[in-house]
Amino acid sequence: MNKKLRCALILSCLILIGVGCAQKPVSQSGSNEPAVQGGQVQAPNPSETEVDLGTMNTQVVDVYLADSQVLELEKTEQEIEYKDDSEKYEKTFAALQTNTDSELVSLWEQVELLSVQYAEGTVTLDVHIPAEANLGTSGELLALEALTTTMFQFDEVKSLDILVDGEAVDSLMGHAELEHPIHREP
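So for the sequence shown, the working numbering puts the first residue at 3; every next one is plus one.
Hint data in this document are derived by calculation from the structure and do not stem from the laboratory. Owing to the predicted nature of the structure, the values given are computational and were not obtained by experimental measurement. Mixed in with the good hints there might be a few duds.
[As the list claims (entries may be wrong)] Straight-line C-alpha distance at most 16 Å; calculated EDC-like pairs for lysine to aspartate or glutamate:
#1 Lys-160 <-> Asp-87
#2 Lys-77 <-> Asp-64
#3 Lys-93 <-> Glu-105
#4 Lys-77 <-> Glu-147
#5 Lys-93 <-> Glu-111
#6 Lys-160 <-> Glu-187
#7 Lys-93 <-> Glu-81
#8 Lys-160 <-> Glu-122
#9 Lys-93 <-> Asp-128
#10 Lys-160 <-> Glu-181
#11 Lys-93 <-> Asp-64
#12 Lys-77 <-> Glu-114
#13 Lys-93 <-> Glu-79
#14 Lys-93 <-> Glu-122
#15 Lys-77 <-> Asp-103
[Claimed, not checked] DEER-style ranges, computed between Cβ atoms:
#16 Arg-186 <-> Glu-114: 23 to 31 Å
#17 Asp-69 <-> Asn-136: 17 to 25 Å
#18 Glu-169 <-> Gln-71: 31 to 39 Å
#19 Glu-83 <-> Thr-139: 30 to 38 Å
#20 Gln-61 <-> Arg-186: 17 to 25 Å
Quick reminder that beta carbons are idealized off the backbone N, C-alpha and C, glycines included.
The whole structure should be built from the sequences, with the hints applied where relevant.
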C-alpha cells in the first residue's frame, strides 16, 4: 500500500508541476521568456496588445478649392480624424490636397507637406513645391488664399508660417510676396 501511495503522490506532484508550467506563455524558441527580436521585446500574442482608439477626434472642416477655371474659391466640407493639434492641421492640409468634386480643382494637390508644427497660436507648414506644382500669379494668390482661409477657420490659429524646403522664402512660387508669418485678419 505504501508503494501505491508514493506513486500517487509523485504523480500528483508531476501533474501540479505540469499545470503550473502550462500557464506560462512559450515563445517560438521554446523558452517561457518573451521573444526578443532586434533588441525589442515582442508581445507574446498580438491579440493581447491594447489599442487606444479613445483618443481619436473627428471633425468636419471647411476646405477651399478653386473652380474649374481657377478664378475663385469654393468651400467644401470634409471629415478628418486626428489625435492632437499638429495632426489636425496635417489632416486639414491633406483634405486641402484632396479633390472630392470633379468640378473643383485642388491648388495644393501636387505640393508635398514635409512637416507641421503648432506652437502658441502659430501653425508652421514646411512644404516642398515641385516644378509641376507652380501656378501663375493669380493661381499662386488663390492657392495662398485657399490655404489661409482653410487654416484660419480654427480659432486657436492666429498666424500661419509657410516654409519651402525648411526656408522662409520671399515668394511661394515666384510670383506673390509671402509674409512670415501670415497673420489672421481681424
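Against the structure, the hints:
Under the criterion of a C-alpha separation no larger than 16 Å, the hint pairing Lys-160 with Asp-87 is consistent with the structure, at around 14 Å. Only pairs whose Cα atoms come within 16 Å are accepted, and Lys-77 paired with Asp-64 is accepted, the gap being roughly 6 Å. Under the criterion of a C-alpha separation no larger than 16 Å, the hint pairing Lys-93 with Glu-105 is inconsistent with the structure, at around 22 Å. For the given pair, Lys-77 sits about 12 Å from Glu-147 by alpha-carbon distance, which is consistent with the 16 Å threshold.
For the suggested pair Lys-93 and Glu-111, the alpha carbons sit about 13 Å apart, so the restraint of at most 16 Å is met. Distance hint between Lys-160 and Glu-187 is fulfilled; the C-alpha atoms sit about 9 Å from each other, no more than 16 Å. Straight-line distance between C-alpha atoms of Lys-93 and Glu-81 comes to about 9 Å, which keeps the hinted pair within the 16 Å bound. This hinted pair checks out: Lys-160 and Glu-122 have alpha carbons roughly 9 Å apart, not beyond 16 Å.
For the hint linking Lys-93 to Asp-128, the alpha-carbon distance of about 14 Å falls within 16 Å, and the restraint holds. Annotation: proposed proximity of Lys-160 to Glu-181 holds, straight-line Cα distance about 14 Å (limit 16 Å). About 12 Å separates the Cα atoms of Lys-93 and Asp-64, which keeps this hinted pair within 16 Å; it holds. For the given pair, Lys-77 sits about 22 Å from Glu-114 by alpha-carbon distance, which is inconsistent with the 16 Å threshold.
Distance restraint check for Lys-93 and Glu-79: the Cα-Cα separation of roughly 13 Å lies within the 16 Å cut-off, and the hinted pair is therefore satisfied. Proposed proximity of Lys-93 and Glu-122 is contradicted: the alpha carbons are some 19 Å apart, above 16 Å. The straight-line distance between the Cα atoms of Lys-77 and Asp-103 is roughly 11 Å, inside the 16 Å bound, and the hint therefore holds. Restraint check, Arg-186 to Glu-114: a C-beta distance of roughly 25 Å satisfies the suggested window 23 to 31 Å.
At roughly 20 Å, the beta carbons of Asp-69 and Asn-136 sit within the given window of 17 to 25 Å. Between Glu-169 and Gln-71, the C-beta spacing of about 32 Å keeps the proposed range 31 to 39 Å intact. The given range of 30 to 38 Å is respected by Glu-83 and Thr-139, whose C-beta atoms sit roughly 36 Å from each other. At roughly 19 Å, the beta-carbon separation of Gln-61 and Arg-186 lies within the given 17 to 25 Å, and the hint holds.
In this structure, the hints that do not hold are numbers 3, 12 and 14, in rising order.
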